[in-house]
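Chains as they are written, first to last, in this note's numbering: chain V, 28 to 594; chain H, 2 to 169.
Worth flagging that the hints you see were computed from the coordinates, not collected in a lab. These numbers come from a predicted model, not from an experiment. No incorrect hints appear here.
Quick list of simulated restraints, FRET-style, between CB atoms:
no.	chain 1	residue 1	chain 2	residue 2	range
1	H	N129	V	A295	51 to 57 Å
2	V	V76	H	K96	54 to 60 Å
3	H	A57	V	Q231	40 to 46 Å
4	H	Q123	V	P455	41 to 47 Å
5	V	A295	H	A126	56 to 62 Å
Looking from chain V toward chain H, a few residues come up when the C-beta cut is under 10 Å (computed):
no.	residue
6	V212
7	S241
8	R374
9	T380
10	S432
Away from chain H, derived, C-beta distances all over 12 Å, residues of chain V:
no.	residue
11	Q231
12	E273
13	E394
14	T537
Cβ coordinates follow ideal geometry from the N, Cα and C atoms, glycine included.
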Amino acid sequence: MTANIATQAPAERLEADVAIVGAGIVGGLMAYRLASAGLKVIVLESGPVIDRVEAVKRFHDIPWGSVNAAYKTEPYAPCPPDDNPSAFYGQAIAQGTPPTEQMAFGALYLRGVGGTSWHFTGHAERMQINDFRMSSAYGRGVDWPISYATLEPFYEEVEREWGVAGAIGQTIAPPRRADYPLPPVPISFMDRSVRTAAEALKWQVLGYPHARNSVPYDGRPQCCGNSSCHFICPIGAKYDGSVHVEKARQAGAQVLASRVVFDVVRKADGNAIDHLRYKLGETGGEGRIFARQFIIAAHAVETAKLLLMADGGRGVANNSGQVGRNLLTNVDNDVSGYAPLPVWPYRGPVSATGGITGLRDGAFRSEHAAAATFIVNSGSNGDYHGPTDEVNDALKHGLIGKALSRRIHDRTARQVHLNSAIEVLPNPDNTIRPDWTRLDAKLGLPLPKVDFRIDDYTLAGWRKVWKRDYDVLKAMGATELTPSPYAKDAAASLPSGDAALVGGTARMGTDPASSVVDSYGRSHDHPNLFIVGTSNYCTMSITSPSLTAAALAVRSARHILETRGRG
Amino acid sequence: MDIQHHHSVGLKRREVLAGLGAVAAFATFSPARAATEVASAPKGFLAASSRLCGVALDDSYRQVGDAVWNALGGPADAQLKILVELAQVFEDEEKLQQVLKTSDLMPKAQALISAWYNGWTQDAAGNNVLISYDEALMWAACSDFTKPPGDCGGPFGYWQDPPAGKEG
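Construct all of the structure, not just a fragment, from the sequences and the given hints.
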């Protein structure tokens, strides 16, 4: 089945110097920079405006929900549901299929003004130096066309824009020239409890750098430990993409929600892009936006889908054939149990204030994948539903009254949980495609189709970190641990594909035959088309991806301003 | 409270036990009507819930109590009425637990506890029904060290030390 989207007389016609698709972290920041320089900027966002007060209320009204619970999914901008994302991605995996053949892809994203950052963890790590040179350093994956040194000044700019909190020597980070703009977010008592056990095994525990205010900054308040960051920050102490979308608006940019771009149209003469076609989400009517330059910053999934569905399904920016390929993510592992003494979870920022280092980078990456480990402040319940599991456990034991409430309290206070994200290398067979056999019910546009598997490199890294995390909790004296990596049947276990990180699909490079864009995000095929975001990533690393995407955005915006008018 | 002297609830022990036999036929949870009915929980419902849940419930919980009562079947649910009476009569928690186990009231008691603690339940059709987010008793049971997500927890950095008066 192929593309068949009827052409309508446009109900809306827009013109701008720069048209941006996507009002998330990247789109908002680029709109702000470009509008501040005096350009006429229009941002089209497929999803709705997200109102923080309404989102918090929705979160309260759906306590059984998961990370997307606070947000309304509009039928014209569908995104993966919490309960079965792999079905949204069109995966049907037979039981027993090895993950090296096919694996459930569980990454969630949001479509709305501010984007997925509404429920990101707020961790703001820079990528590590060797993340940019995996092939040179370890003979694995590929090198980026830029280095850490190239990106460092842009990291610094973004850290000031966001208000990143940390302290050299106390915070997980590659070497850096200057200290953080904001003082560090302290690690939790639970982090310190785990640290004692980890250090006995020669592992180090450090705090994460945070995009949440450790002091009032940029008109946003100081964090007060609401412990709901992974759903929503009710007070806006955690940075999210809506901050710079609003700054862009104040700088003169026009931000239009519920505009679902579905086509990228070339000029009749030459390779430049002439206009974008979009659907009005509420009515289904068609709009067109004409501009001198176009930026697509619509998340690694939707960006690739749009580029491939454009031009009647023939695609744009894809002379390399690489659009939609090299889909990147991390896979997940969880180890949890009960500490011998209370560690007091459910306090402070979640998912984590601290992590165990040692498997993030090193010579071992020539043999197995890296891993980032988070000491989870939100207890053992992966969906952050609090002591619900302990309630159900107490009921299973037939308890009532004070015996029940005591058990819930005592076990909740001792919950300890380590979550690790494991690196996945680029694989051209891991893809995002528009699925013309599955169309959304409102606009009739294709849903994304995922093809995804991991390799032995990732599995080896997963086994390593599973054992490490298990050993740490064991050394802590924790009991009732989740299944042991040393058990006879451990080989039957699998990592989870639930990590929220998504990248690749429009990667950068110097060779137009093997990459989609140059290091500034400019399409190799269309001189006035930029594709910017985690989609540009050549490798994924195990660092939280948003800060690097924002640094790429600032670098790209500067390049656009510096080269504007040169043809 | 000694059951032999507990007349204020209008039910004597033998009547309670007789009631247990009478509700034996009500094997299933039947809250279907609750979704549309809004009735006040009977006097004694908070006291009964408090005993079953092990958390003190004063009058500030009245609205939440009404929500639980209705979600579990309200006045139309004979098992619920018996459970409420029973929980008030048996002051000794272990005895009450024993009676619940030997009757068929334990599922109803557990549905009540689950609704109070989790802040939501399911109706007969399997639809989720919100009781209360902030007043879910799982947070009350842990209130000496935490609170519901989304509520401010205290001054910046409070999480780096054990809760006041606590140790690790």
